[in-house]
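Using the working numbering, you'd call the opening residue of the sequence shown number 1 and step up by one each time.
Derived by calculation from the structure, the hints in this document are not laboratory data. Beta carbons: idealized from backbone N, C-alpha and C, even for Gly. Among these hints, one or two may not hold up.
[Stated by the list, open to error] Label pairs and their calculated CB-CB ranges:
id	residue 1	residue 2	range
1	Pro75	Arg98	15 to 25 Å
2	Pro133	Thr72	28 to 38 Å
3	Asp114	Glu73	32 to 42 Å
4	Gly116	Thr72	27 to 37 Å
5	Ser103	Gln141	14 to 24 Å
6	Pro115	Asp57	11 to 21 Å
7	Arg42	Gly116	15 to 25 Å
8	Asp114	Pro75	32 to 42 Å
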Amino acid sequence: MVSQKLILEPGSIFAVAALRTQYAFAEVRLDERVYIIDGAGRSGVALSFTLSAAGFDPLFYPRLSLFLAHATETPPACILVDVDGPGDGGLETLYGLRAGGISWPVIAVSATDDPGVAARALSAGADDFVAAPFAAGDLVQVIRSAASLLESAR
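Go ahead and model the full structure; you've got the sequences and the hints to work with.
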């Protein structure tokens, strides 16, 4: 079994292989939807690939406006927001989600573990914060934890 202490860049071939190995015998619901909003597009595709390997059904949105246009037609699920966009792009996305009436769990993802970035993301409406690179499986655990809160609220 792959050690969860292994530090991997999200979306790398090694991260995907580690997740596939780690979850190969785990009970994974393939219908676990996760929405990814990444205005800069840097990490959204890699996160989609990594989450697919872990058994999730990720949907990538390059802009908040596209997500909000479809939000009324989609089932509630966890939302990942890359907060490393140019300027305050990622933070504006967090504010925009809450202003748009979205109360689903939101996880801010960043390439830095700067406490200031985490504090700004949490104050902008994120429910949790994950800094990359992260140990294989950490993001999956955070998403599952947030999803369980969503299910208990139903």
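Consistency of the hints with the structure:
1. Pro75 with Arg98: 15 to 25 Å: 19 Å, holds
2. Pro133 with Thr72: 28 to 38 Å: 35 Å, holds
3. Asp114 with Glu73: 32 to 42 Å: 36 Å, holds
4. Gly116 with Thr72: 27 to 37 Å: Since the Cβ atoms of glycine 116 and threonine 72 sit about 34 Å apart, the hinted range of 27 to 37 Å holds.
5. Ser103 with Gln141: 14 to 24 Å: With Cβ atoms ~22 Å apart, the hint holds.
6. Pro115 with Asp57: 11 to 21 Å: 32 Å, violated
7. Arg42 with Gly116: 15 to 25 Å: Once the Cβ atoms are compared, 20 Å apart, the range 15 to 25 Å for glycine 116 and arginine 42 holds.
8. Asp114 with Pro75: 32 to 42 Å: 33 Å, holds
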